[in-house]
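Protein chains: 2
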Amino acid sequence: ANDDPCSLDYDTTENVIHQREEARRKSWDVYKVQAARWFVALLIGIFTGLIASFIDYMPCAAGSGIPQIKCYLNGVKVPRVVRIKTLFAKVIGVIGAVAGGLAVGKEGPMIHSGAVVAAGVSQGRSTSLGFDFHIFEYFHTDTEKRDFVSGGAAAGVAAAFGAPVGGLLFSLEEGASFWNQNLAWRAFFCSMVSTFTLNIVQSYIKNSPWDLSNPGLINFGSFDNLGYNGIEILIIMVVGLLGGLFGALFNFLNHKITLFRTRYLYPRWAQVLEAVLVAVITATFGFCSIVINNDCKPMVESRDEMQVQFFCPDGYYSSSTNLFFDTPEASVKKLFHQPIGSFEASTLGIYTLGYFLLACWTYGLSVPSGLFIPSLLIGAAWGRLFGMGLQYVVPDAKWADPGKYALIGAASQLGGIVRMTISLTVIIMEATGNISLGLPIMLALICAKWCGDFVGQKLGCGHGIYDMHIQMASVPILDWEPPHLSEKIHAPKVMSHPVTVFRMHESVGRIVDLLKKEIHNGFPVVDHYDPDEPQVWIENPDFYKLQQRLKMSDFRDNYPRYPPIHHISISPQERNYTVNLEPFMNTAPYTVHVTASLPRIFRLFRGLGLRHLVIVDGDNLVLGMVTRKDLARYR
Amino acid sequence: ANDDPCSLDYDTTENVIHQREEARRKSWDVYKVQAARWFVALLIGIFTGLIASFIDYMPCAAGSGIPQIKCYLNGVKVPRVVRIKTLFAKVIGVIGAVAGGLAVGKEGPMIHSGAVVAAGVSQGRSTSLGFDFHIFEYFHTDTEKRDFVSGGAAAGVAAAFGAPVGGLLFSLEEGASFWNQNLAWRAFFCSMVSTFTLNIVQSYIKNSPWDLSNPGLINFGSFDNLGYNGIEILIIMVVGLLGGLFGALFNFLNHKITLFRTRYLYPRWAQVLEAVLVAVITATFGFCSIVINNDCKPMVESRDEMQVQFFCPDGYYSSSTNLFFDTPEASVKKLFHQPIGSFEASTLGIYTLGYFLLACWTYGLSVPSGLFIPSLLIGAAWGRLFGMGLQYVVPDAKWADPGKYALIGAASQLGGIVRMTISLTVIIMEATGNISLGLPIMLALICAKWCGDFVGQKLGCGHGIYDMHIQMASVPILDWEPPHLSEKIHAPKVMSHPVTVFRMHESVGRIVDLLKKEIHNGFPVVDHYDPDEPQVWIENPDFYKLQQRLKMSDFRDNYPRYPPIHHISISPQERNYTVNLEPFMNTAPYTVHVTASLPRIFRLFRGLGLRHLVIVDGDNLVLGMVTRKDLARYR
Ligand SMILES: Nc1ncnc2c1ncn2[C@@H]1O[C@H](COP(=O)(O)OP(=O)(O)OP(=O)(O)O)[C@@H](O)[C@H]1O
Ligand SMILES: Nc1ncnc2c1ncn2[C@@H]1O[C@H](COP(=O)(O)OP(=O)(O)OP(=O)(O)O)[C@@H](O)[C@H]1O
Ligand SMILES: [Mg+2]
Ligand SMILES: [Mg+2]
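Here the protein sequences come in this chain order: A and B.
The number in the working numbering is simply the position in the first sequence, starting from 1, with 49 added.
The number in the working numbering is simply the position in the second sequence, starting from 1, with 49 added.
Certain hints may be false.
Pairs count within a copy or across copies, as identical chains cannot be separated in the list.
To be verified - In silico EDC-like cross-links for lysine to aspartate or glutamate, where the CA-CA straight-line distance does not exceed 16 Å:
hint	residue 1	residue 2
1	Lys542	Asp679
2	Lys81	Glu71
3	Lys255	Glu71
4	Lys537	Glu71
5	Lys537	Glu70
No lab work stands behind these hints: they were computed from the structure.
I would like the entire structure built from these sequences, with the hints used as guidance.
The following block contains the structure:
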């Protein structure tokens, strides 16, 4: 049960205890909390930036984690996703296993790290590491934590690509389900600080302290002023459509592979074996394709990168080796920037195909991994091929620059796989330091998204790869909008009933029994509070004192891992005591009338980030209960 | 009453008529609507781009309109703001009056135009122009219209600055109160199309058809690779703080002037006189300051801009004239790019001061006007002055480039006035085509915002200038978050009671009387519908037929100007008929219990974009009514 994803609750429970605390707050406290929020944002930025500087020196630190963070921000807690332990475990476990050069990237680890840092720092403690500074206690709620986590994710992307605006937009477009101006400002601040920190550290590492012109971890080299003209718009759209098509294919294949894997490869040893197999095949593929198709080019003195001879005659270097056995980032850079004629069409063709299949196999491997760099690499390869084709067709056109088409192809391929548009445009603009190609890239990405969604739908998986994996894990994630044509579905079909309820004065025995069954996490309290009726207090003085002494901080200190009910032992006599639930209940829970349609319930639920919604009749009697799982059944 | 701002309702009324229509919808309709949405987004982009190409040739087309659009997107309809008439009236009325060279910009008009275009196109008709294509009828609701308007605003900014991403972010940060992924994608598409359209038209105007490297209307010239180093971070923060300080001062002065104006200058002729006065003073100021402080520089052959001699000896040109009597954009460009030593410190000082006061006076004049360019101009002037000071202090430092500091000063000044950070960073990055200064600009903007908010609070107007003007117009706008410390305030203090209600079967007389009083726009219907109780139909067959025939399209066709109740005449006999309100009422309105606190009510209201919220007791009896106006009282 502990491994089931469970929901987060973004709604404050307005019970008496909460109200008592609120009544004591001064406006000074408000400023303190706000200052603390900015301070935490600063810390998140700094730590994420530091982690980024560190990750640069271990080729593949941790897994992608993007789908999990997405779920978290949507309101579903995948167990242990934002714990420090998770991060460490991944770092240690993966570091050796993938040294063989799998098709992986490091933006996934960065995003995940940012989120974990945010969850840790904002709570001012770590149970895994066993310290508690007893600060930021106000932030021990789902809402605050979620806000910080979206800032951390933004900081992670910002550090990975040197793209602070792109990071913010990534967090908004892909992750955050709740937009709020203040939240956006803080996330922006996190991104900025993390980029600065990384820059400062890198400037020291590169021995030019405080020269802050270093971009992020991944850098695609800056383009000189690339222009484009009207005719190219159509060509760029074609590249975008191709990207969408290949993206949809990629997702489709990956879907099949993942299905196969979950069905047949569940033993741990099988998964390890698979990972090793992929590593071996990756290396073999590179080697074989070089042997078969060795693409020898005359050496050039001036270039500062290595030019390996490898089976080539003297005075020549092997451009295939150049492509296959360098780091993925370096290969992307080469595809973008090397002069016309650096690669043979056949090399690029083999490379695209092989890398496509390998990346497809790798993503979702039990060795989890980022997806950005592999996708960009595939796209850059076929984009460059496309550009070479163009040059062949119109040899005089100065605009048919393979490097430019490699860039547009890379963007389209990534766009076709993850189906992002806005943030991807900005990330690519920031990572290449080039704004003039912004419009064409945007256009290509929108085309890739449309085409990918369309083809994907035909193939039976119409979403981006992250959403696909979320769906395959059957996490009850809620989309932005209610499902189509759901106006005909009404509350009675959606809700669970009969509802397990508590009475206002409930026997301890019944409470304990119900909680021990542990199937539900929320219970309507149904008796109406009548001030004239004599109140039934609990006889046991200990219980009584306990109840009087319960403060908000008792809940906060244990957040988010409350002591389980099994740890509480109740004597048979105590079972008959009555407990007054009034101080603990939310006095004004959100309810909706039973005639409400699914879209209406959905909007209320999604808009406010609820965990439970009570369905009532015209006399306010409880008829049913709707949770995230009930809504997620309809897609 | 027609001139009062009234609320928009983003909640669909789920009555029987609506349900009947929904039941008939097929999945084909859903796709049709979605395709139509993208098509409308395309049209909005194209038209806004075209308007932008046109506006370029009239120096100051229409007023700012940003505060009004902001209100609209927040859910308050300022009357006639998105009508085509408004746009035309402004264009025609203003065009002559401000030819004298007031301190105005054209981004305001562009944003407003975009919004008007969006409102017009999405409805597929215009009452002012008297045509109705009977398409897009599905979009005749507040929700759809608002979504398109935020896309239109984005398209406007995009065209004004050649900044599609900046446009989207502007619309999100300043305008849109509701974030939604699909909405953002469409807004992005609008921005992109509008930038493309403008580019294509401009490429034709500049006689290089289809050379799409033209940026937006306003272009600040591209910077060569400007680096920066660690020491500069502190200096940049100082510039940011100065920007915040001057921004707060600007707003404070403008506040006082606006107060004075609303108090003493309400007659129409006084306003016209004031506008003329400002124009005269602007011209006089330029002339006088040149006479007093003529800043003669030796002519340079190579530069292609005009170099006016004006009171200078032969072989010299007047750099003051250069600054004072060119278009504001050109002056900004000069301050950014002209080589070291092009301006005297005294010229810049006088210019800053004079332009500061004039711009302060001009904004809010009955000749409404954009604010971006004037603010950038002021900031560029003192920023350049600051850069010159730096050069004086550290003459050897290569980084102390006045042009760079002019840019950062310009950003800070604008940031200090409008208090935006994210979108402004991106707009400036896109308009200058320079990404490497992104981080410093961000930093300066965040400092400017903080300092501006802090100083502003001390001076009594802690918000950006747009929010300030919205508050002064006492528009009931709802902030992003509930007011501080409002947890102690509960529903009984917020709500209006007693509530005017209708019974399920209500007499025609009472309905007409209540509607004629026209003070409220929403009424709870209180009898419970009992299927066993015989239904009281209306006797008059005409009425009956009418009721049977009412379809959603009857509401849509008249949106948003429904025929007023005064046009309906009722005979005394008809007054006694009973009408069954059931088909018209929302069966599951959002309600909240009377113990709810203000933040809870606020979140429900703001999160779902409601117009009315009913407060009920434990038995679901109506106790009170909360509208936007009730919530806006608490700030
Ligand atoms: N008090 C209740 N009485 C009856 N049914 C309930 C109650 N609470 C939840 N349910 C139903 O039980 C099913 C599973 O509930 P679910 O696990 O989503 O809720 P939860 O455990 O309270 O929250 P979560 O697991 O998401 O943290 C859902 O269909 C829900 O409607
Ligand atoms: N049916 C009603 N009965 C009693 N008071 C109401 C009713 N409707 C609104 N009010 C109250 O009247 C005051 C003014 O209402 P308001 O003008 O905001 O509502 P409205 O006219 O229905 O909507 P709007 O003017 O924003 O379009 C508010 O304080 C509101 O609470
Ligand atoms: Mg559960
Ligand atoms: Mg009113």
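Is it within, between, both or neither when you check Lys255 against Glu71 at 16 Å Cα-Cα?
Answer is neither; intra-copy 51 Å and inter-copy 64 Å both fail.
Could you figure out if Lys537 and Glu70 sit no more than 16 Å apart (CA to CA) within one copy, between two copies, both or neither?
between (43 Å within a copy, 10 Å between copies)
Status of Asp679 relative to Lys542 across identical chains (alpha carbons, at most 16 Å)
For Lys542 and Asp679, the Cα distance is within 16 Å only inside one copy (10 Å; across copies 36 Å).
State whether the alpha carbon distance between Lys81 and Glu71 is at most 16 Å within one copy, between copies, both, or neither.
within (15 Å within a copy, 50 Å between copies)
Quick one: Lys537 to Glu71, C-alpha cut-off 16 Å, is that within a copy, between copies, both, or neither?
This pair counts as between: shortest inter-copy Cα distance 7 Å, intra-copy 42 Å.
The structure fails to meet hint 3 from the earlier list, while all remaining hints are met.
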